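These protein sequence lines are chains A and B, in that order.
As numbered in this note's numbering, the first sequence has no gaps in its residue numbers, which increase by one up to the final residue, 332.
As numbered in this note's numbering, the second sequence has no gaps in its residue numbers, which increase by one up to the final residue, 175.
These aren't lab readings, by the way, just hints derived from the structure by calculation.
Predicted model only: the values in this text are computed from it and were never measured.
Incorrect hints may have been included.
[Claimed, not checked] Cβ pair distances, simulated, as ranges:
id : chain 1 : residue 1 : chain 2 : residue 2 : range
1  : A       : ASN23     : B       : GLU173    : 16 to 26 Å
2  : A       : ASN23     : B       : ALA161    : 22 to 32 Å
3  : A       : ALA269    : B       : LYS69     : 54 to 64 Å
[Said to hold, decoys possible] Covered, in the sense of this in silico footprint (three residues per stretch, anywhere, with C-beta under 8 Å from a C-beta of chain A), are these stretches of chain B:
id : segment
4  : 54-68
5  : 71-78
[What the hints assert, rightly or not] With a Cα cut of at most 25 Å, we get these calculated BS3-like pairs of lysine-lysine:
id : chain 1 : residue 1 : chain 2 : residue 2
6  : A       : LYS154    : A       : LYS74
7  : B       : LYS48     : A       : LYS61
8  : A       : LYS74     : B       : LYS165
9  : B       : LYS150    : A       : LYS61
Cβ coordinates follow ideal geometry from the N, Cα and C atoms, glycine included.
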Amino acid sequence: MMPEKDFDVVLDECVDRLNRGENIAACLADFPQHAAELEPLLKAMTGTKTAFSFTPSADAKRTARERFHAAMAKRRETSFWQNLFAHRFALTAAAAVIVVAFAAFLAFRTPVFQQPTPTITVAAPNAEGNFAFLVSDEVNAISDFSDLKVTIEKVGLLQGGNSSQWIEFTPEVKEFDLTLLPGDVTQQLWRGNVPEGAYSKVVIYVTAVKGTLKVSGGALDIKLPSNKLQISIPFQVKAGNVTIFTYDLTVVKTGGTRNSKYLLKPQIADSGVNQQPALQTPPGLSHNKTPAAASSASHNQTPAQPPASSHNQTTAAAPAALPDQAKGKPQN
Amino acid sequence: MRLKNEAGKEARLAGLYDEYFDKIARYAYARIGDRTAAEDIAGEVFLKALESLKHYEERGLPMEAWLFKIAHNQVVDHLRETTKTKTKTVPIETVEIIDKDDPQTAAETNIEMQRVTLAMKQLTADQAEVIRLRFLSGLSSREVGEMLGKNDGAVREMQRAAMEKMRKLLNIEEA
């Protein structure tokens, strides 16, 4: 004979059976010794169940199911990448394939024993030279800084055509503050003679970029991916003209509020050349040049009388205000 | 191995969807008295479960009970939110059961629901939760115990006490 079950256990079993769809009578029949006590309790249970016998609408259930399946599909997509990263071997193999492919690409693209492009260094600046190099800042995140000093070591110009060679010069002004050069304001770093002809690329070799943030007052070293900033932009240095090249830099802020970084990069759209007749002092060279005078000189492309005081100016230590065109928008 | 396990858990969760969506919605409805919100909560529970699936330990709480634990948290959040935003929560006493075919039955069901709701308010919080999880959601005493952090004996005792109280409050005569 089976031992008599505790009433709580019997009641619990009956609740389970009712939950599975059995009726009260079936349960009472199995436990006649507890029937009198069980019946009202089980009726209380069914009454409670009935009161809340709510079935969600088919629409609501379908919509929720669709969302659930969409979330599941999205999760599987993510899992693919997790899976990839979970398998170190696969990742290592993939990395090796990429490296080999890249190396092969370089090997086929560049002859192994290719001679380096010859470089000619321009010996000295020349106040009457045919080429002036200016810098400016395209306004982005520069207003975050109270100062942002860029130090450059040298500038390289790549000659195009058959006589491909680098023309390098050391700027007279090696350090400039980009916060003083917003928008149309430029600063001349060098003027001298470079070979006439076509050029395709301008590279500046940066040694340091140091800034001070306005908000925190903290000093900031801005990192560059390499020490070179280059722009591929074709231009001509023509006989009887002064070619004024404005190299436009910009500081951009990336990342969120927590991990923000500042990057210095060339702004190709605002970089380029402006040609002036050789006898005329190019805009940006004159220390005290007014915007009106600069505008007149550059917009009309005609010889204009330069300010007398500026004619012998060889370096522009202070930035000169110039309109857009004088700043060297590409015109060729 | 771990990934296979993840896929297994996901398949298991998906398998519970049809059966447990209704049970969770009923559980939420019994607590908040709003059908639409209860349906929304049931949907959210499965989405939350999916998000947290990697933290779910198969050797711990059964998945069914785990879903109700999430449902409980969702209900608490919902009640907190409705209180915070001072959105007028529809009291369960005034919930209208829509039954176009038989308005009289609908009215009677409504009255019965109000009566049961008032009776459940007389129970302790644990007793009411046991009733909701056992009667409306169909969890076993063991699963309820795991959810509430009690052993099944304690759950059975609470269940009997709650049913006794409900019987009295609902005026169900002893045989």
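Tested hints:
| no. | hint | result |
| --- | --- | --- |
| 1 | A/ASN23 x B/GLU173: 16 to 26 Å | holds (19 Å) |
| 2 | A/ASN23 x B/ALA161: 22 to 32 Å | holds (24 Å) |
| 3 | A/ALA269 x B/LYS69: 54 to 64 Å | holds (57 Å) |
| 4 | 54-68 | violated (count 0) |
| 5 | 71-78 | violated (count 0) |
| 6 | A/LYS154 x A/LYS74 | violated (51 Å) |
| 7 | B/LYS48 x A/LYS61 | holds (16 Å) |
| 8 | A/LYS74 x B/LYS165 | violated (48 Å) |
| 9 | B/LYS150 x A/LYS61 | violated (32 Å) |
Hints 4, 5, 6, 8, 9, counting from the list given before, are not met by this structure.
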